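Quick note, the sequences are listed as chains A and B, same order.
Counting from 514, one number per residue, gives the positions in the first sequence under the working numbering.
Counting from 79, one number per residue, gives the positions in the second sequence under the working numbering.
Hints were generated in silico from the structure; no laboratory data involved.
Every value quoted in this text rests on a predicted model; they were computed, and no experiment measured them.
The C-beta atom is built at its ideal place from N, Cα and C for all residues, glycine as well.
Relax, there's no trap hidden among the hints.
Covered stretches of chain A (chain B as the covering partner; in silico rule of three or more C-beta atoms under 8 Å from a C-beta of chain B):
| hint | region |
| --- | --- |
| 1 | 527 to 536 |
| 2 | 555 to 568 |
| 3 | 592 to 601 |
| 4 | 604 to 612 |
Here are some chain A residues the structure puts well away from chain B; computed CB gaps all over 12 Å:
| hint | residue |
| --- | --- |
| 5 | Pro517 |
| 6 | Gln521 |
| 7 | Gly522 |
| 8 | Glu523 |
| 9 | Gly544 |
| 10 | Val546 |
| 11 | Gln547 |
| 12 | Arg551 |
| 13 | Met581 |
| 14 | Glu620 |
| 15 | Leu622 |
| 16 | Glu627 |
| 17 | Phe629 |
| 18 | Ile632 |
Label pairs and their calculated CB-CB ranges:
| hint | chain 1 | residue 1 | chain 2 | residue 2 | range |
| --- | --- | --- | --- | --- | --- |
| 19 | A | Ala531 | B | Glu192 | 26 to 36 Å |
| 20 | B | Pro160 | A | Thr608 | 28 to 38 Å |
| 21 | A | Glu610 | B | Met169 | 19 to 29 Å |
| 22 | A | Val603 | B | Pro160 | 24 to 34 Å |
| 23 | A | Phe552 | B | Gly82 | 47 to 57 Å |
| 24 | B | Glu107 | A | Arg583 | 40 to 50 Å |
| 25 | A | Gly522 | B | Gln167 | 49 to 59 Å |
| 26 | A | Glu539 | B | Arg134 | 10 to 20 Å |
| 27 | B | Gln92 | A | Gln521 | 29 to 39 Å |
| 28 | B | Leu152 | A | Glu539 | 25 to 35 Å |
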Amino acid sequence: MEVPILKQGEVLIATFQAALSDADLEHLRRGLVQQVVRFRSRGVIVDVTAMDVMDSFASRTLREIAHMIRLRGAETVIVGIQPEVAFAMVQLGLTLEGVATALDLEEGLAYLIEKFKNID
Amino acid sequence: MRAGEIRVAINSDQDIVAARQKGRALATELGFSTGDATLIATAISELARNIVSYARKGEISLKMVHGSSRQGILIIASDNGPGIRDIRQAMRDGFSTSGSLGLGLPGVRRLMDEFEITSEPGQGTIVTVKKWKQ
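So here's chain B without its partners, still in its complex pose:
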């Protein structure tokens, strides 16, 4: 079993596809169900799309994590883009500044078990999400 970290550079819409395929492959390898692997791949797709739309480039990192009694997948989406000024607003359904659907972040939070976001205007954004194996 692969223990290392998989890092996918996100520079274009093609990379969104690559990132979600790698995420699905890792989730399957870790023993996630097809349904959960789909949720994970969908979340990665949204996170990678946010990078392309708002920051133009960044990175998605995928890794296995151990909880006290369970295994999971850890996904970190990071960029050095403009950052998010009002995180609370960005976490509301329907909010968007790029003319997209604006469901990205709250939707991703619903797809995953744990969700954390840090962002500094002018510095970038880091979204960290986890999903645990049932």
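Isolated chain A, as found in the complex:
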């Protein structure tokens, strides 16, 4: 399953679907990092609103995406983690340490714009 990646100025927006396999997640990780390089993006928003399960592999992949992108000098925000998904993650002992999160796309964009201001 392909994850659409939209370019919005200096920001890339990737929208996850519900049923992503491990292979899909790895594909997305490669794709996002490549596009950050290609477009010289400064921020990435990963929208996981549609994801119904965030297991250990998915959260590890999200953390890796954020860390790789940070090494490129850009910022990642994960948006739209559903309340019941957050509850399951906590029970499972999963954290997204060191990764910014925001309520939704709008808040994620606001976070990045604020970040860019501080750097400029």
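We have chain A; now place chain B onto it with these hints.
Positioned in the frame of chain A, the structure of chain B alone reads:
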């Protein structure tokens, strides 16, 4: 209402997705809340991932169970893989032999109400978990 058992063969990462979707569908059908259905689907995802990572293939079976005064869902993850030599160690947070996060089993135990594991080195592993409807 479906009374039978649903069996999902686990051979690849695609099957992990199929197993957790079937588990969520059954949980919803049985009247579990969205929150509990998410916990159940997440537990299935972890159990199926253990099968793929350690045993390569196995099976997840999903079924409705009756308690004395309540209904629940029974999930059995079984494989004929290498087995777990030290179950007590495997049940500790942070332990892993495959370079993964190593939170799998203790995490699954926290997600569910009942948890049982039997494993024989060289024979395979069976994890049986239950969650009761609130």
